[in-house]
Structure formats: structure tokens, C-alpha cells
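Number of protein chains: 2
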Amino acid sequence: MSSPYPSMIDDLRRQFLDRLAATFSDREPRGLYAPIDYILDLGGKRVRPLVALLAARMFGDEDLNKSMPVALAVEVFHNFTLLHDDIMDDSPLRRGQMTVHEKWDINTGILSGDLMLIQAYQYLCECPNKAALPEMLCTFNRVATGVCEGQQYDVDFEARQDVTIGEYLKMIELKTAVLLGGALELGALAAGAKKEDADHLYAFGRLTGLAFQLQDDLLDTFGDSKVTGKRTGNDIIRNKKTFLFLKALELLGKEDKDELNAWFADSPADPANKVIRVTDMMARAGIPQAVAELRDQYQADAYAHLDAAGGDPGVKAVLRALAESLLQRES
Amino acid sequence: MSSPYPSMIDDLRRQFLDRLAATFSDREPRGLYAPIDYILDLGGKRVRPLVALLAARMFGDEDLNKSMPVALAVEVFHNFTLLHDDIMDDSPLRRGQMTVHEKWDINTGILSGDLMLIQAYQYLCECPNKAALPEMLCTFNRVATGVCEGQQYDVDFEARQDVTIGEYLKMIELKTAVLLGGALELGALAAGAKKEDADHLYAFGRLTGLAFQLQDDLLDTFGDSKVTGKRTGNDIIRNKKTFLFLKALELLGKEDKDELNAWFADSPADPANKVIRVTDMMARAGIPQAVAELRDQYQADAYAHLDAAGGDPGVKAVLRALAESLLQRES
Numbered sequence: 004m005s006s007p008y009p010s011m012i013d014d015l016r017r018q019f020l021d022r023l024a025a026t027f028s029d030r031e032p033r034g035l036y037a038p039i040d041y042i043l044d045l046g047g048k049r050v051r052p053l054v055a056l057l058a059a060r061m062f063g064d065e066d067l068n069k070s071m072p073v074a075l076a077v078e079v080f081h082n083f084t085l086l087h088d089d090i091m092d093d094s095p096l097r098r099g100q101m102t103v104h105e106k107w108d109i110n111t112g113i114l115s116g117d118l119m120l121i122q123a124y125q126y127l128c129e130c131p132n133k134a135a136l137p138e139m140l141c142t143f144n145r146v147a148t149g150v151c152e153g154q155q156y157d158v159d160f161e162a163r164q165d166v167t168i169g170e171y172l173k174m175i176e177l178k179t180a181v182l183l184g185g186a187l188e189l190g191a192l193a194a195g196a197k198k199e200d201a202d203h204l205y206a207f208g209r210l211t212g213l214a215f216q217l218q219d220d221l222l223d224t225f226g227d228s229k230v231t232g233k234r235t236g237n238d239i240i241r242n243k244k245t246f247l248f249l250k251a252l253e254l255l256g257k258e259d260k261d262e263l264n265a266w267f268a269d270s271p272a273d274p275a276n277k278v279i280r281v282t283d284m285m286a287r288a289g290i291p292q293a294v295a296e297l298r299d300q301y302q303a304d305a306y307a308h309l310d311a312a313g314g315d316p317g318v319k320a321v322l323r324a325l326a327e328s329l330l331q332r333e334s
Numbered sequence: 004m005s006s007p008y009p010s011m012i013d014d015l016r017r018q019f020l021d022r023l024a025a026t027f028s029d030r031e032p033r034g035l036y037a038p039i040d041y042i043l044d045l046g047g048k049r050v051r052p053l054v055a056l057l058a059a060r061m062f063g064d065e066d067l068n069k070s071m072p073v074a075l076a077v078e079v080f081h082n083f084t085l086l087h088d089d090i091m092d093d094s095p096l097r098r099g100q101m102t103v104h105e106k107w108d109i110n111t112g113i114l115s116g117d118l119m120l121i122q123a124y125q126y127l128c129e130c131p132n133k134a135a136l137p138e139m140l141c142t143f144n145r146v147a148t149g150v151c152e153g154q155q156y157d158v159d160f161e162a163r164q165d166v167t168i169g170e171y172l173k174m175i176e177l178k179t180a181v182l183l184g185g186a187l188e189l190g191a192l193a194a195g196a197k198k199e200d201a202d203h204l205y206a207f208g209r210l211t212g213l214a215f216q217l218q219d220d221l222l223d224t225f226g227d228s229k230v231t232g233k234r235t236g237n238d239i240i241r242n243k244k245t246f247l248f249l250k251a252l253e254l255l256g257k258e259d260k261d262e263l264n265a266w267f268a269d270s271p272a273d274p275a276n277k278v279i280r281v282t283d284m285m286a287r288a289g290i291p292q293a294v295a296e297l298r299d300q301y302q303a304d305a306y307a308h309l310d311a312a313g314g315d316p317g318v319k320a321v322l323r324a325l326a327e328s329l330l331q332r333e334s
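Chains as they are written, first to last, in our numbering: chain A, 4 to 334; chain B, 4 to 334.
Think of the hints as simulated: they come from the structure by calculation, not from any bench.
Each pair may be met inside one copy or between any two copies, as identical chains are not told apart.
Result set (DSS-like, lysine-lysine): computed pairs, CA atoms no more than 30 Å apart in a straight line:
#1 Lys198 with Lys133
#2 Lys173 with Lys106
#3 Lys243 with Lys260
#4 Lys250 with Lys277
#5 Lys229 with Lys244
#6 Lys133 with Lys319
#7 Lys173 with Lys257
#8 Lys197 with Lys133
#9 Lys106 with Lys243
#10 Lys244 with Lys48
#11 Lys277 with Lys173
Chain A with its partners taken away, still in its complex shape (with noise of 0.2 Å):
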């Protein structure tokens, strides 16, 4: 990590894991808590809550009693969307480990995903600014609504062949982006801070979130599998109609997009040359720099909302450094 002030975040992860694991109980039914804490203790970088926590700061929560609850709350939410979306996609593993539904069955994964969507809520509750928890439910609400949404889209655009990249922007910005800028619009709300700076914070994560998939996007197809750590090629073998396909089927020449919607209509058994003709199409196309120039508008974006909010400079430096981390290049 190149943050500049690396020392404050691992602290604050710290922190937050602590009060997470505090969160850990014996409480009754089993059936219904266990699979809670399992999910929770999977792991992951915590990105949400430490961004919550660094907006709360910016904003004179130094000790973060007024936004650790804000921090839980997001991380829980995250955690019932994987929990949820595993069920719905038949996913066998979650961070290397059985997901939920696999360790215990489909019904234990509904239950507790649905009690954990009303534990997100609960910690929203235990915010000592009162003042402030009307707005803090609306935007939670808010946020909640767009990222069902965006799953929706998500599953609805796997039939479609119509996808228009403005729908598929939409959807990322809605699955993905506006969790981050949730996280830290209701950090800052949390702290005390003015509308129009949680407003500000809230465009920075909506941003940088859409920055950071366009770049998971590109890494997928064009990265180093030993630098990334996943299957390059994985969205062309599972034909995901991602901002790169339908960047390229806008590029290419007619015969080049036949081709591509042909190797998008097929699930070849191995998919080895599949993956190498996709690839060397999206190339001839120019698709990795048509991705990088939109992640970098959107991250220059990102930043200028950033500059523009009130708050402790310092602190903010940090959120920037957390925020290039996430967005950094294989190199």
C-alpha cells in the first residue's frame, strides 16, 4: 500500500476488526447466528467500513465512537448482499471457503442473510448522533434500494443481447459504486458533518467505485494472473457482458463482431482459444486504453469531489492514499 499515512489505516482496520469480533456471540438460535459470525470472520480488505471510518474522522470523530456503528452497518450490509447473491448464483466458495448456503443449506442462508440485513439497520440505530439518523436512514435506505437494483439489472442483462454500455455503466454504478460512496456519505453524516460535504464524499466513493470495476474489468481480461491472483480470461469464458465486450462491439468492424457475438454465444469445453481470440480482438480494438481513459475520468472525477469537501486535510490524504490503492495499477 502507498498510502502516505499507512500507519492510520492499518489502525483503524484494527480497530474495526476488533469491534467486529466483539460483535461475535452465543446468542440463540445457533442455526440462525452461526452462519452471521462465519460469513463475517471470512475475511476480506474491509474497504467500506475503513473509508466510513476515515469520512468520520475527516469530520472531528477522532475516536470514532460516533462512527464505528456506521462502519459495522456497511460491513454487514456487504456481507448479506455475498451471502444472498452466493444463493442466487450457486457459488460453491466465498473468499476460498464453503459459502454459507453450501456449509448449511439455502434456507439458512435466506434467514440469516435476512437477519442480517435488519442487523445493518440495528447498528444504524446505536449512532449516539441522534440528530443525524433520519438523514442516515434515508441515505441507507437509499443505497440499499440501488445496489437490489443494480443485482437485478445484473441477472436481467444475462438474457439480454440489447445491452447498452450506458445500462452496463448504470448497473456497476448501482451493484458496486454506490455502496463505497454510501459508506462514506453516512461516515461523514455520522461525524456531524454538513450535507453538502457527505454529498461531496458520497460522488468521490460513487466514482471511485466505478473507476476501481472498470479496472477489476480490465485486470480480468488483460492482467497478470500472477500479479492478480484469479484465471485471466474469466468474464470471456463465462461471456460477461462487460463494459470491454460491449466497448468492442462498438470498435470493431463488422466481421470482427460477428465473430466476437459468435465466441459470446458459445461455452466451449476448453475454452483455451477462446480466450486468446477475444482477447487479441478487444487488443486490435484498442479496448484496454478505451477502458483506462474512462477509469481515469472517472477517478479525476472522483478526486475533484474529494478536494472540494470540507474536513481534516490530513485525514483526507489518507482517504486519497486508501482510494489509489485500491485503483492501482499492476506495476
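For this one, chain A is given, so just place chain B on it according to the hints.
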């Protein structure tokens, strides 16, 4: 309905249904919102929103402006639990119509249900009485958590042979009664009632819910299907360990007890003889009298809490009449 003011109940139901219908929209994505409109339009007695509105009117919310969002919140939450429970129980029908996961699919049922839970919180957010919002949010979370715990206990009890009467009563309290109590408490809080009065209404609703569930269990075995409209003996056929079964085990001699346990370990293709034998054993054990006694005790305790609550006596009488109609005997 034997209400002294049936016109007020009918009027409130009509106003609620008008407001509910106004929530139906063309909002996108349809795959997410259409199932929500569908389940909310299936009907039902709308008891929870009605008691919320009556509780609020008891404390001065004459035009229902303060409490209508709460009425929507509890009805949408209740239908969220029905939607997810139907998936977990693999039920094909709900109110005589296809369940959401049958009409669409399980993934749609999960995601639309999730959004309904979020919408319930969104309605809370729309309550004009912002001063009461922190208390209302905590109440809603407490109730929603209880409902999830009750559902898990219900699942757990199916696999257990050692469920006690106390555990069963706790389970039906969580699964059914706390939401009725919560609807009343939230209605009162939305109207600006004192916490003490809201607590009395919660207790009234909780105890009425327990009495209602016992009455429901009683009618399932000893009711007249021509009056109830349901097949008599359903719980016996499904080996459901209700209060009737657990109390019978307590009251019967060893030989009868062994026979009852044997019947409940079996699922004969033609259950007619099983239903006759088990019903007969329960009748001999004095189960109808035991259930009626406990039901009447809950009901009396419920009315004591209603009497102890402040508020408009005329509206209180309507609320009592509504409870009477829920608990009415077949005669």
C-alpha cells in the same frame, strides 16, 4: 364483525388499501418490483396496518398522516416474511394464488423479498414525526429480529423430539405475536404517544397474538371445516408439534402417550384414521379445555394492558372490537 364501530374499521381499511395501491408503480427493473406489487395485492385481512392506524388515532392522529407510513411498513414487512417463508417451505400457493417463487423463480423471490424489507424501513423514514424516529427504528429492529428468530426456532423444532411447552409458546410469540404488538407500538409512537402507553399497546398486541395463535391451533384440530374454510386436522397430518400435541403428551398416560408419539412419527398415505385417533386422544385428555383456558388467560391479560393504556376511549373500544373479531369462536 361484532364491532360497535365497524364503520371506522372499514373506513381505515379502505384508506389503507387506497394508500397501498398508490405504492404500485411502473418502476424499473420490473423483475424486481412486479413481484412486490403482486404479493401486496393478494389480499389478506390487513390486521397489522389496521391496528397501527387505530393505535395512532387513539393518541390523536385523527387524519392518519403520522401513522400511514408505519401501517405500510408493517404490512410490507409482514409480506416480506411470507415471501421468504414460502420459499423456505416450498409452498406453491399463498391466499389461493401462486407464490412469488412459483410464478417467477426462487432468485426473484429472494431479491424482491430483500427489497421489501428495505422498503419497510423506507416507510419508517417517511414518518413525519422525526423526533420519534430513533425509538421507532429500535422498535422495528427488535420486532424484525424476533420474527427471524421465531422462524429459525420453528425450523429447529421440526427436528427435535424434546420441545417443551415453554419453548413452543416462545416460538409462536416471536414468529407471530411480536409483530402484532410491534404494529401497535409503532402506531402509538408515530402519533407521539408516551413510551409507557406504547409499551401497554405492545403488550396488548403480543398477548392477543398469542391468544390468536392458540385459537388457530385449536380450530385446526377441533374446528368445523365448514366454518373455518380449512381442512381440519392439518397440523396432525403434518406432525406439527403445536401446544395441543405438547400438552397432550403432558396429560396422557404412558400407553396413550406412546401411541400419540407413534402417530407423529408416521405419515400415512391416507391420514383419515390417524386424524380421528389423535383427535380422539386429545379430546379425552381435555385438550380443548386446556387450550381455551390458556387462550382466555392471554386474552384477559391483553385487555388489562389495553385498559391501562391512555388514549381516546372510543377508538380503544374499536381496537378491542377488532381483537374480539380475531379471536371469535365458531359459534
